[in-house]
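Now for the letters of each chain:
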Amino acid sequence: MSSVELGQIVVNALLLSGILALVALGFSLVWGIMNIVNLAHGPFIMLGAYVTFWLYELWGVDPFLSIPISMLTLFALGFAIQRVLINQIIRAPLLVTFLLTFGLEILIVNLVNYFFKADMRSVTTPYSGTGFNLGGVRVPYIRLAALGLALVLVYALSWFLGNTRAGNAIRATGMDIEAAQLTGVKVGTIYALTFAIGAALAGAAGSLLSMVASFDPTLGGGYTQRAFVICVLGGLGNVLNVLIGAAIFAFVEVFVGSRIPQLSQAVTFALLVLLLVLRPQGIAGRAFYV
Amino acid sequence: MWRRLPTLRLLTLISTIGLLLAGCGTGGPAGSSGAGANGDTIVFGAAISITGKTAKEGEYTRDGYLFFKDKINELGGIKVGGKTYKVDVKFYDDESKSERTAQLYEKLINEDKVNLLLGPYGSGPTGTAAPIAEKYKLPMVEANGAAESIFSKGYKYTFAVLSPAKNYLRGVIDLVKQKDPAIKTVAILGENEPFSKEVADGAAEYAKEKGLDVVYQDLYPTGTQDVSALLTNLKGKNPDLLLGSGHLQDSLLIVKQAKDLGISPKAMGFSVGPSSPEFRANLKSDADYIFGATQWTNALKYNGDDPWKTPQAYNDEFKAKHPDYTVVPYQVAESTAALIAYQRAIEKAGSLEPQAVRDALAGLDIMTFYGQIKFDARGINIYKPMAVEQLQPDGKKYTVFPTDVAEKDALYPMTAWDKR
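Heads up: the sequence lines are chains A and B, in that order. For reference, each letter of the first sequence is one residue, going 569 to 858 in this note's numbering. For reference, each letter of the second sequence is one residue, going 900 to 1319 in this note's numbering.
If you're looking for bench data, these hints aren't it; they were derived computationally from the structure. We put the beta carbon where it would ideally sit given N, CA and C, even for glycine. You may find that some hints are simply not true.
Here are a few chain A residues that face chain B, going by a calculated C-beta distance under 10 Å [stated by the list, open to error]:
{"no.": "1", "residue": "Thr-751"}
{"no.": "2", "residue": "Val-753"}
{"no.": "3", "residue": "Arg-794"}
Quick list of in silico lysine-lysine cross-link-like pairs, DSS-like style, CA-CA up to 27 Å [unchecked claim]:
{"no.": "4", "chain 1": "B", "residue 1": "Lys-1220", "chain 2": "B", "residue 2": "Lys-970"}
{"no.": "5", "chain 1": "B", "residue 1": "Lys-1076", "chain 2": "B", "residue 2": "Lys-1065"}
{"no.": "6", "chain 1": "B", "residue 1": "Lys-1183", "chain 2": "B", "residue 2": "Lys-968"}
{"no.": "7", "chain 1": "B", "residue 1": "Lys-1295", "chain 2": "A", "residue 2": "Lys-685"}
{"no.": "8", "chain 1": "A", "residue 1": "Lys-685", "chain 2": "B", "residue 2": "Lys-1183"}
{"no.": "9", "chain 1": "B", "residue 1": "Lys-1218", "chain 2": "B", "residue 2": "Lys-1055"}
{"no.": "10", "chain 1": "B", "residue 1": "Lys-1307", "chain 2": "B", "residue 2": "Lys-1109"}
{"no.": "11", "chain 1": "B", "residue 1": "Lys-970", "chain 2": "A", "residue 2": "Lys-685"}
{"no.": "12", "chain 1": "B", "residue 1": "Lys-1200", "chain 2": "B", "residue 2": "Lys-1052"}
{"no.": "13", "chain 1": "B", "residue 1": "Lys-1220", "chain 2": "B", "residue 2": "Lys-1208"}
{"no.": "14", "chain 1": "B", "residue 1": "Lys-968", "chain 2": "A", "residue 2": "Lys-685"}
{"no.": "15", "chain 1": "B", "residue 1": "Lys-1034", "chain 2": "B", "residue 2": "Lys-1006"}
{"no.": "16", "chain 1": "B", "residue 1": "Lys-1218", "chain 2": "B", "residue 2": "Lys-1208"}
{"no.": "17", "chain 1": "B", "residue 1": "Lys-1247", "chain 2": "B", "residue 2": "Lys-982"}
{"no.": "18", "chain 1": "B", "residue 1": "Lys-1076", "chain 2": "B", "residue 2": "Lys-1247"}
{"no.": "19", "chain 1": "B", "residue 1": "Lys-996", "chain 2": "A", "residue 2": "Lys-685"}
{"no.": "20", "chain 1": "B", "residue 1": "Lys-1247", "chain 2": "B", "residue 2": "Lys-1012"}
{"no.": "21", "chain 1": "A", "residue 1": "Lys-685", "chain 2": "B", "residue 2": "Lys-1218"}
{"no.": "22", "chain 1": "B", "residue 1": "Lys-1034", "chain 2": "B", "residue 2": "Lys-1078"}
{"no.": "23", "chain 1": "A", "residue 1": "Lys-685", "chain 2": "B", "residue 2": "Lys-1220"}
{"no.": "24", "chain 1": "B", "residue 1": "Lys-1012", "chain 2": "B", "residue 2": "Lys-1052"}
Which chain B residues stay away from chain A? Per the calculated CB distances, all over 12 Å, these [as the list claims (entries may be wrong)]:
{"no.": "25", "residue": "Val-979"}
{"no.": "26", "residue": "Lys-1109"}
{"no.": "27", "residue": "Ala-1128"}
{"no.": "28", "residue": "Gly-1161"}
{"no.": "29", "residue": "Lys-1208"}
{"no.": "30", "residue": "Trp-1316"}
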């Protein structure tokens, strides 16, 4: 393998890890704080992709500019879903949350399939595919921007959790719900806020994905799986662990993909199994969210 | 907690029942157009992918079957001996999952008691349906499963009206060689599933026959969201021709990522994808110059013994009935062709008895708007040639091969990405 090829592979992996980090971020937040494995996370991503797609198709809104809109839309949707549905089962056994979010996933995917049909969609702008050359290695602009945005959102969330009243309340609720209530935290609102933020981040991920890949209503399933693996790889203790998890996942997938493409997915999931056996808290994880 | 929260118990119970019903519902009948399985109606049964990965192509298949059904019923029906029978098509959604396909065919045969079988979409599902047809000794005419592996098991009851997988990319290779006799290298990317693998292998074999050097050939997993690793590998080899053998989603991905990585071969061709309107709709001007293999286009000059006779007439009538289709994809045409084959076979046999129909199909040799339909000893239609289309910068798609029936000249080479 030439150094240019190696360089390209490294760049590809790096850029991919940005998108994957964003995919896993919302999932990690909801899991870490609320102990809910949200199987409807994938559909939220898919909805974000559709928001960006329709805004571009119908009104020519630049996909990057549509990201705040898709985030807001998903925030509202996530808030509503949490208050109306998830809240009912907040103290229920894990199996019940699986069941509910699983059902939600089927419902959302089928509704979207009904209204928007199963057509493949993607957002192709005049600047799609453009990039610059770094000594023979090609860096596409859109993927680079996606990485930048992902990093911004990860750090913004981390800052929010550590430095604002609401963020501190979220962390407190995740650590010990009764103690948080004793200090005056309105747990119901906090849970809704957390879920909504998770959905908004999924929306942003979806918007980015609509630009780099083509999608249909079934886009979500594979990404829920990836989010799950990334959270396990990085560990749930800290928002920034998502970056570690995403980086490991992306590098393994891209490197294996360049040697034995047929096995790239198998290897990443084999890694998951190995990690669960050897170090279930993830590479950098701890028992609870801090 | 269960005892203290009766509402929670009730909610869980209701939601579980609701989910179970929903689960049953998605596997349930996706459509059937009326009447029962016997009486004065010939019922054809099929499991088609109305949702899932190949949902779009599944819809084309369904629409092709139903278009024949409506037309033939308008014309009176199919003549069997002295009696005319109406036609019905009963189908279920296999969600693009081969495991479901087999189950649903068993259901169609045992519960719905269909008379004859039509194929699903895709070689994978067709491969799981063929043994079922064989087991129950019911003929199955399929129009969307081109993998020769389906026909290498000695099945006697499955017939394919479409050209086999190995031939798919031959037209592109022939065309490019015609345009540029000095062309040297080719790279082939394939999806890791039966049909696409055969197309890729067939293309590699044919390319070598024609004196080309296959500098890179590899497979990517089904449903992959990223082929940048393979593209990076092949970029270094600088292929003149890049061939992709997968489905619509993968072809879109390969083009997008090839552009991302600045890969500009002299020509790009895909086995599936470019003939669908979604290809242009998704890629906009990035789709220019790309070749697509196709089983059929409306520009070909066939004259057949069927309700439509010429490709153009079929095209016009279908579009009149389905205004939402801007173009008639070949999957629609070949699905209709499957039923034309059945009609002629049933008329020839003078009976609906499965064995008689099967034998009539085996000896069939007809010309239709879709092309010649004749099956070899294995059941494959090797007698119809593949065509090639190209998307050109004026926004339209033209049939460019075979050159004697081409609408327009092919544009070659492809203008590099950064020069557009």
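The hints, checked one at a time:
| no. | hint | verdict |
| --- | --- | --- |
| 1 | Thr-751 | violated (25 Å) |
| 2 | Val-753 | violated (22 Å) |
| 3 | Arg-794 | holds (9 Å) |
| 4 | Lys-1220/B <-> Lys-970/B | holds (11 Å) |
| 5 | Lys-1076/B <-> Lys-1065/B | holds (18 Å) |
| 6 | Lys-1183/B <-> Lys-968/B | violated (35 Å) |
| 7 | Lys-1295/B <-> Lys-685/A | holds (24 Å) |
| 8 | Lys-685/A <-> Lys-1183/B | holds (20 Å) |
| 9 | Lys-1218/B <-> Lys-1055/B | violated (36 Å) |
| 10 | Lys-1307/B <-> Lys-1109/B | holds (24 Å) |
| 11 | Lys-970/B <-> Lys-685/A | holds (26 Å) |
| 12 | Lys-1200/B <-> Lys-1052/B | violated (35 Å) |
| 13 | Lys-1220/B <-> Lys-1208/B | holds (17 Å) |
| 14 | Lys-968/B <-> Lys-685/A | holds (24 Å) |
| 15 | Lys-1034/B <-> Lys-1006/B | holds (14 Å) |
| 16 | Lys-1218/B <-> Lys-1208/B | holds (16 Å) |
| 17 | Lys-1247/B <-> Lys-982/B | holds (13 Å) |
| 18 | Lys-1076/B <-> Lys-1247/B | violated (43 Å) |
| 19 | Lys-996/B <-> Lys-685/A | holds (18 Å) |
| 20 | Lys-1247/B <-> Lys-1012/B | holds (23 Å) |
| 21 | Lys-685/A <-> Lys-1218/B | holds (19 Å) |
| 22 | Lys-1034/B <-> Lys-1078/B | violated (48 Å) |
| 23 | Lys-685/A <-> Lys-1220/B | holds (19 Å) |
| 24 | Lys-1012/B <-> Lys-1052/B | holds (26 Å) |
| 25 | Val-979 | holds (36 Å) |
| 26 | Lys-1109 | holds (26 Å) |
| 27 | Ala-1128 | violated (4 Å) |
| 28 | Gly-1161 | violated (5 Å) |
| 29 | Lys-1208 | holds (31 Å) |
| 30 | Trp-1316 | violated (6 Å) |
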